[in-house]
Structures are given as structure tokens and as C-alpha cells.
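Engineer: The listed protein sequences derive, respectively, from chains E and S.
Sequential numbering from 29 applies to the first sequence in our numbering.
Sequential numbering from 16 applies to the second sequence in our numbering.
Calculated directly from the structure, the hints in this document are not laboratory data.
Don't take every hint at face value.
Here chain E is said to cover these stretches of chain S; the calculated rule only asks that three of the stretch's residues, wherever they fall, bring their Cβ under 8 Å from a Cβ of chain E [stated by the list, open to error]:
| hint | stretch |
| --- | --- |
| 1 | 285 to 291 |
| 2 | 331 to 341 |
| 3 | 444 to 456 |
| 4 | 482 to 488 |
| 5 | 668 to 674 |
| 6 | 691 to 705 |
| 7 | 709 to 717 |
Model, not experiment: these values are computed from the prediction.
All C-beta atoms, glycine included, are put in the ideal place defined by N, C-alpha and C.
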Amino acid sequence: MVELTLNGRSVQLDVADGTPLLWAIREQTGLTGTKFGCGIGACGACTVHVGGRAVRSCSVPVESVVGQSVTTIEGLADSPTQLHPVQRAWIEHQVPQCGYCQSGMIMAVAALLESNPAPSDDEIAAAVTNICRCGTYQRIRNAVHSLAPAAEVRNV
Amino acid sequence: MSEQMQQGQEPQPPQDQPKRSRLRKWTRRAFIGAGAAAGGGLVLGVGGVLLAPNRLKYLPPGATPGDGQLGTWIKISPDNLTTVLIPHCEMGQGALTGLGMLLAEELDADWNLVEIQQAPAEDVYANGYIINAFLGEVGFTPPGWLQLPLDFTAFKMADIFGIMTTGGSTSTRGTGAFGMRLAGASARAMLLEAGAEQFGVPVEELGARGSRVTHAGSGRSATYGELAALASTLDLPRRPTLKSREEFVLVGTPRQRADIPSKVVGAAQYGMDVVVPDMLYAAITKAPIPGGQLTSVDQAPARAVAGVREVVLLPDAVAVVADGYWQASQGLAALSPQFTDAGVGGVDSEQIHARHTAAIDAEPIEATLEGARAVTAEYRVPYLHHATMEPMAATARLAEGRLDVWAGTQDPLSTRRVAAEAAELDVEQVTIYNQQLGGGFGRRLPGTYDYVEQAVHVAKAISPRAVKLIWSREEDMQHGYYRPCVHSRFRAALNSMGRPLSWANRFTGSRFGDVGAATPRYGIEEIDVRAVPLPVHLRTGAWRSVAASQHGFFVESFVDELANTAGRDPFEYRRDLLEDEPRHRAVLERAAEMAQWGTALPEGHARGIAIVESFGSIVAHVAEVSVDESGSIRVHRVHSAVDCGLVVNPNGAEAQIQGGVVFGLGAALMHEITVEGGAVAQRNFPQYDMIRLAQAPVVSVSFINSGAPIGGLGEPGVPPVAPAVANAVFALTGQRLRTLPLRLT
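Whenever a hint applies, use it, and build me the whole structure from the sequences.
Structural biologist: Quick look at the structure:
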């Protein structure tokens, strides 16, 4: 039994040591927004926040995050009616296509913007190495730039 | 309406009697309405054409007169909400929204009062409009009088064979351009008729707009919701009036996609995400070599893993069932199953390529036009994988003589047939719950449902419990339906002005090998294009843009070589050869104009151009490339000009081209499936890497509304990418790269 804080609530997960955080979240809590893509931390579809940092949950054993605060795509928004700025930008710029990678993409971008509110294209590319097979990258860049401080005033 | 359906030669709606055998129904009932009325005509005689039933009269199970159901796909509720059920799947291409727009346009519905849903996998939603799309591709637009019988015939065929396919870039140009528009216009006519009855005025005096019928003379009006109950008791019109393109107010305006909000909050449910009460999880490994069979496996190591419930042996695979997927995959990893090599364990990529070369050698190109300047070249492309972001997954439950399957597929009715056969049940005993697709690109088309079959077999072994079968990325990479490897050899003869007099091409064929895709649209007198059949080692399938993805690269590289031999600018050379193809010419010129073709670029940069017609649309790309110190090709910018006839949703259309460029760029620069010891050598993304943000070019897109029939958009952005990049690399380095992926030596 592993205890951690998930989307602001304390949860107990009944999984064996060594189970990746990804599968613990998906199968024990019913939150399936965090996706399985490669299982080796190569694609980023499973990105969640652990202590505010973007982490690829398929490659993190659940016991390594005991007692820590984990946020998934379902917990990113303050409330269902008040989406996170990145989620709003994703709708405004019509970013997703199939959408399977976008939970991870949004989590990676949200973590980046916490530390660098106005990243350049190169900084975005260096920090967000997630794969999108549909090729939504251009809209991702546009959406991220729309969240730079000058644009953010409008959103607050 | 139900009364009407009982009359005359109208066939019964499909839900009125259970069907045990689809094929039996064909012999008993096929074309009863049309053929019998025509006095025995084989398909549709003259009388049959006039009496052909209306496809839209087939209503969903449970529909009753007066409930607001207006034809197969439209239901309007008393609160004036129009619900549209679209007989296609959503895999990010935005077709559901575009199709809804075409319907709402003809219906004159308020777009804010339209709700779009994916139609369930039921017979009534069988969809044959794919036929219209392909007729359009060969240049045939059915005249109005033939539309209704053609729609009905296509529907009956789709119903009998269980077809509800999303593929071939056909949703908008087939179902949308024909079915959805007709459905919207029919419902509008019924609502006007209801309004006339209610107001007691002639129908000609009424107008419809924004989900409301208005009588201008008296100022009376009623919402569609208020009229829908009455309207749904009226007859469907046989030939409703469609709008001209100039009358469109919704189509052509950028609209947000209906599927996006759920995708930014993690709520969209994919096949991978299905949760069924009391469900177990399964991991599987199949014989790595195509055709291999399981010979032995010691199950004990898997059963020793905590949480493992069962080991299921299939003729060619081993599955481990456990309480969770991680436990199942750990159990599977503990096994050492032995498989046969099907006699092909010694095959590798080098041999495969040698076979292709030998096959083409056996079909030599005769040198004609002696004395003219000859140009020869040989190209090749490798096997490619779809690599959808969502690995294959399916959930199945077999209990009490019924099978339920949850999966994301590009054809739920075809999936139902596969599942029924695997369970040895009739299709009536099977329900498919189609989910969102985490990418399709052809991997989830009919003929590729091996993962569904496996899930059913595992469900059978653990019945009555449900099981979710998940493929690892490694399993997914190794058991694709690959784009075929193709070799292509050319010989052209140029006259003294450098213009091609003849064009000969031999390429190794495949299931989808397509002479059409290989035939250039350039004005060349003598064109001789032939496919050379060759058995393939890996199983193959349709890969986004299919044959155009290979032959677009070959043809557009070779024409670039001809331009170079002729000492001509590659853009101007193409333009001159397209003198009889005004649409192509306009697209080519638009792309060149966008890229400012001919102007100076930064030091170390060069441009390349290519144009390919596929799936009813014409796309030209200009790529701007450079080569870094390590010799890697970098694509900075792609300018795309597109003639898809008519743009339905500019926002979604642009996204399809942007995405198509990235998809094509992966094939151009990175991707190659190779064979070692008979098996696919690549295992996961490190060996089959993807374009990421750092490599993604800036793509600018411009559409030409030419007035031509609506073309596809999901695929046509892909084929011109590789040749545009290869041609730019040639312009920059002088190296002509004839093999994908492009690698400088």
C-alpha cells in the first residue's frame, strides 16, 4: 500500500513495489487521462507533475513518490469550469488532433511555463520533447507563445 | 413515416427482423425494391431508378413517428437541439465537425444548437458513401437522378457486407458531400412542410434560417424543435433542393472542432481507457517472425508472478492475464516462448532489396526513341510503420452467449464481423463500442483487427470476466501492417529542348501498388508505367496516403532530375509541363509565390518543390532546408498550396496539412522498418524515432477554392513532402538522394 497526494487528495494505492506510477494511477484511481505510449520514457504521453516537475510516469516506480504531490491532467484545472491557461490556449489554438499525446504535452508545457513564462522556440523544443504523431507542433508553439506574460494579462 | 415504409416496394427497415447470416440476406432480399420493380433488371433498371428507396428512410432502432427523428442521422428535440449522428470515427482528422457543418448548412440550423455524436456500430449506420468519393476520384459525378439509387445501392452493399469505414480521405468528399448535405436538405424540407401545415399557408411562402421556420407575410415563426414532432411524421422528399456554394453561410467559416474540449482535460475515452467492472488485464507476445507458430512455453514463471491469473496459449501467441497490466507484462517477461520461424528466419532487409531489384530487372524498359537524350534513375523506399501514439488495445467480454468489444477502430461494423468470427457467434450477438482513436493513419482499417481477435480469444479463455488486452510499444512496432517497401526504376527521353518525349517506369507492386499513383500528370506523349508483382515478406497495409506516398516521391524526384538535365529551373519546368492541367498549375504557382521562389535565401539554405494529386486534392509543397555540421538535413519551413475543391472548415483543413507535413517528414528523414532474422528489427521509439518540436518546420498553408468537387485532406498533405525535401537537398548539395530516409553520404 502506497500513500501519496493525487490532485490535492490523499490516496492509498494498492500496488506492488516496482509498479510504474502510470499504471497505479490508471488502474487504481480510474484516472485514465494519463496515457501509455512507450513504457520507456521516450514519448512523454504519460507526463504528470511530481512536486510541480514534469515526470514521465511510465518510468517512475510508485514507491519513489510516496508522500509526494502528484498532479495529472485531471487535476491541472482549478475546477471543471475554470480551465488551466494552457488548456484554454489549447482550445483557442485548436491544438489536438487525435489527442492521445495531448495530456502529456499539456502537462509538460504547464511545468515549463512555471519556470520560464516566455520561452523561445528553442527553449520550448528543449523542454518539451514529447512525441505527437499527428504533428500538432506548430499549433503547440503558437499556443505557448500566446501564454507569454504580455498575453497572459488578458487571461488572468 | 412508418406507414409509408410498409407500402409498395419499400424494403423493411433493417431492425425489423433478426439476421443470422448477412450473406443469406443478400440472396433473399438484395435489391428487392430496386431490381424487382424494374422487372428483373440485374441491379437498377429504369423503373428501379425511379422507385429506388431512399437511404435516409432507414431509422435507428427505437425511432417512432413524431419523435423528431428526421432521416437516419438527424434528431431534433423539443428544446430545439439538433443532434447529428455521424457514421464515421474521430481520429483527430476533424471529420465529425466538418460533416456536421455540411449537414447544418443545408438544414439551415443554428450551429450553436447542433450537437455532433459518433454513430454507434449498428446496421442502420452502414456507410457506402466511400463509393461516391472514389467515383469522384475517377472524374465521375453522378447526375441528380442517379444520386438516390446510387446512395441506396451503396448503403445496401455496406449493410450486407458490414462496412462503416473511415479511410481513404473519403468522409467529407463522400459521406459529407453527398449524404450529409442531402440529409440536411431533406430535414429542412420536412420542417418547412410541417410549418406550412401548422400555419395553414403555402410552403413556398416560408423561409428557414437559424433553426427556425418563418412566415414573412404574417410574421409567424416556429423553432425547428416546435415543428420536429410533426415533421417526423411526414414523408422524406425524394429530391430536396441543395444550396449552391455561393449560398453557403456556415461551410467555409473556421469552426472549433467538437472533439477538442474533452481532449484537453483528459476526459476523451480511447480504446486504451475503457474500464469494465471486474475487468482483468492482458499482455501478449506474438511470434516475432511473420507466420510463426507457438511450439512450446513453460508457463510456471508467469504463474509465479503475484497477480497473474491465467496464461492463454494461442496458435501464434502467448497472453498473460493478471489483475493489472504491469503484473501481466511482468508475467509475460518471465516467459521464454518458442516459436517456429515459418521457414523465413533467414530473411533480412538486404535480401528483400535484392529481390526487388531482381524483379525489376526481369521487366526491362525498352529503349525507344534512339538518339534522344536518355535519363535513367532508380529509387527505393523502405517498409514503414504507422506507429499510432496509442498502441493497439481492445477490451472484450464473452458472457451468456453475447460478446461485447470496446476498441478504437476505423470500421466498427467490420470489427464486429471479425469479433463474431473469433467468438463463433453471429453478428447479432456481438456489440462493438467504438472509442476515440489514438491515431489511425490506416493501422485500424478493415483487415487489421488482429488485436481484436486476440482480445476475443483471451476473453473466451477467462469467460465470463472481461479482459483488456494491451499491446506494448514493442509488440505494436513488430506487428504492424507496414507500408510496402517499393523500388522504382525510370527511363525518360528528352528532346533537344529538354522536354520529355517518353516516360517509362517499372516498380515493384504491392497490394496497393497503384499505376494511377505512379502516372505523372505532366504533358508527356508516351507514358509507360507498369507494376511488377512481388510477394512481400511482412504483412502490409494502407499507410496514410497509401501508394501516393511512395510514387509521389519517385515521380517528383525524377521530374526534378529531368529539369536538371534540361538545365531548367524545377518550378518553371513543371509549370511548362502542366500547360493542360490548369488546377495543378495554379497550385504550383501559388506554392512558388508563397515561398518567393527564385529569391535569395540565407547562406546554406535551399528550396525544393513538389506537387502531387491524391484522393481528389492537389498539393504542392516548397521546402526550405539546410544541412548542419553533422550532415543532418534540417527542414526550416514548408509552404503548402492546396486545391481540395472546397474548404469546409478552414481551421481543421489547415491542421490536416500541417500534420501531414510532419507525418511526411518523418518518412523523409527518419523512418525505416528493417528485417533481421525474418523479424522486424525496430522495437520502440529509440529505433523508430519521431519528429519532435525541435525538428518541426513552420508550415504555412494556402487553399485555392477552385470550385472542383470536394477532395480529401487527411492524406494529400503527405506525398509531396519527401520529394520537396530531397529536391531541396539536391539544390543545396548537388547530391541526388534516391532512397528514403534521406541520408547524405
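Engineer: Look at each hint and say if it fits the structure.
Structural biologist: Taking the hints in turn, this is what the structure says about them:
1. Under the rule that three or more residues need a Cβ within less than 8 Å of chain E, the assignment of the stretch 285 to 291 of chain S holds, with 4 such residues.
2. Only when three residues or more bring their CB closer than 8 Å to a CB of chain E does the claim for the stretch 331 to 341 of chain S stand; here the count is 3, and the claim holds.
3. Counting residues of the stretch 444 to 456 of chain S whose CB lies closer than 8 Å to any CB of chain E gives 6, which reaches the minimum of 3, so the coverage claim holds.
4. Judged by the Cβ-Cβ criterion of 8 Å, the stretch 482 to 488 of chain S is covered by chain E as claimed, because 3 of its residues qualify and three suffice.
5. Counting residues of the stretch 668 to 674 of chain S whose CB lies closer than 8 Å to any CB of chain E gives 3, which reaches the minimum of 3, so the coverage claim holds.
6. Given a C-beta distance limit of less than 8 Å, the hint that chain E covers the stretch 691 to 705 of chain S holds, as 4 residues qualify and 3 suffice.
7. Three residues within the 8 Å Cβ limit are the bar, and the stretch 709 to 717 of chain S against chain E gives 4, so the coverage statement holds.
In this structure, every one of the numbered hints holds.
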